[in-house]
Amino acid sequence: MAAIDHKGVIRQFPELEWEASSGSLILSPEKVDEVVSWLKEDPAYRLDYLSCVSGVDYLEKEVKTRVRNEAGKMVFKTSLSPEKMEVVYHFYSMEKKTGPFILKQRVLSRENPVVTSLTPHYGGAELMEREVYDLFGIRFTGHPDLRRILMWEGFQHYPMRKDYVPPNDYEYEPTPHGDVLERARERREELEGQSP
Amino acid sequence: MNSPDLSDQKAVDLSPEGTAKAGVILSSLVWIYNWSRSNSVWPLLFGWACCAIEMIGTAGSRHDIARFGAEVFRPSPRQSDLMIVSGTVTKKMAPQVVRIYNQMPEPKYVIAMGACAISGGPFKQGYNVLKGIDRYIPVDVYLPGCPPRPEALLHSLMTLQKQIKRQKSLGRTITNPAYGEGRRIYPVPELRGDDLFPPFNPEVWTPPAKNPNVEDGCPAGRKSV
Ligand code: SF4
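Protein chains in written order, with the working numbering: chain C, 40 to 235; chain F, -17 to 207.
These aren't lab readings, by the way, just hints derived from the structure by calculation. Being a predicted model, the structure only gives us computed values, none of them experimental. Heads up, some of the hints might be wrong.
As the list claims (entries may be wrong) - Partner residues aside, some chain F positions facing chain C, computed with beta carbon under 7 Å:
(1) Tyr109
(2) Asp177
(3) Pro181
(4) Pro189
Said to hold, decoys possible - Short, incomplete list of chain F residues facing chain C, as computed with Cβ under 10 Å:
(5) Gly114
(6) Leu173
(7) Trp187
Yeah, the Cβ is synthetic: ideal placement off N, Cα and C, and Gly gets one too.
With the sequences and hints as input, model every part of the structure.
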């Protein structure tokens, strides 16, 4: 499939950011409806097929970048990359046989991430967005039926988040090492405490 | 008259198999009963994951589970006596597996097929996979592999048939579950918070009293590094 040129969409919406490192268009949730319906209808794009919806979780972390200082030397600069969550959409155009085109919705909050649902535009997004909600806890406004899909109702956390700690059911580990060994020890002490 | 010389005759095998081979049926009713039971096992028609594909292959014409009398896969637990737990049992699914087991009539048998059904397999440290179905229901045959080949499933079936043939329906120690205490029914675990409650059924399974591997930090016989 031929790659899709992003210059047209930037010309139409000059305020949008194109992230060259990941080759994706960054959208804030308010712009979604406008941009997505344009991408779907514009004769140069005709993105008629949404193939994949994924969630990504970024914890706050230090990043090192190489920059040139005043003396003209290359040095490492440490900066703090903020915590954020992203929903990544992969589009193809079946009509023009082009793709993929990557679009990201980014929110700078892990407490209560809210993005705009694409289900009104692409029916196929419904179950995939439910999965992102289930595993990452990202809410989609405008989604018709936002419920858990893989985990059961009553599950308390969002298991694909980076800081999720699964419940300790390490009663029997035949070959433990590392983290598993630690957790198996904890569990054993817990069980011994329970039994008389 | 001299009596016929019997000295060159081979010793006669008086076991049921031996006499049957010699064309004589000399047997006990119990043996015939168990023989017919073991050659007519009705598995339950259900599959969990990739292992189920191998189970389907076993039921196909090439491997042909019908040769062992177990080809009648029944889509209802009320009509089957063998549960082949073929694949990954997720925590969300575990209550349903126990419930289906409870609905089967006696005598009922369980084959845990594949690493997942035995211990959680490749997903053992995952947040969503049950670490072995033997935590909630009794398992008769463990069949390791990921996935086990159809031949291995047939072997596990033959192992189960041997077990069935050894069962006693009469006498002081009855081991045929059909004549036992009644239908075995186990409590169905609940989904509570992020995990199943209880984490295992102590009636069926308990963690080994002392797990030396956890104490030392490495399997017995190996040095920790
Ligand atoms: S044991 Fe292997 S083949 Fe069988 S269900 Fe698990 S992962 Fe799949």
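Open item on the list: Checking hints one by one. Is Trp187 (chain F) an interface residue toward chain C, by the C-beta closer than 10 Å rule?
Closed with: holds, 9 Å
Task: Interface hint status, Tyr109 (chain F) versus chain C (Cβ within 7 Å) - done: Holds, about 4 Å.
Task: Satisfaction of the Leu173 (chain F) interface hint, Cβ to chain C closer than 10 Å - done: For Leu173 (chain F), the interface hint holds, since the closest Cβ of chain C sits about 5 Å away, which is under 10 Å.
Task: chain C contact restraint for Pro189 (chain F) - C-beta distance below 7 Å - done: holds, 4 Å
Open item on the list: Using the nearest Cβ pair, does Pro181 (chain F) come within less than 7 Å of chain C?
Closed with: Hint holds; Pro181 (chain F) Cβ to chain C Cβ min 5 Å, cut 7 Å.
Task: Status of the hint placing Asp177 (chain F) at chain C (closest C-beta pair under 7 Å) - done: holds, 4 Å
Task: Restraint outcome when Gly114 (chain F) is required to lie within 10 Å of chain C by C-beta distance - done: This interface hint holds because 8 Å falls under the 10 Å limit.
The structure is consistent with each of the numbered hints, conforming to all of them.
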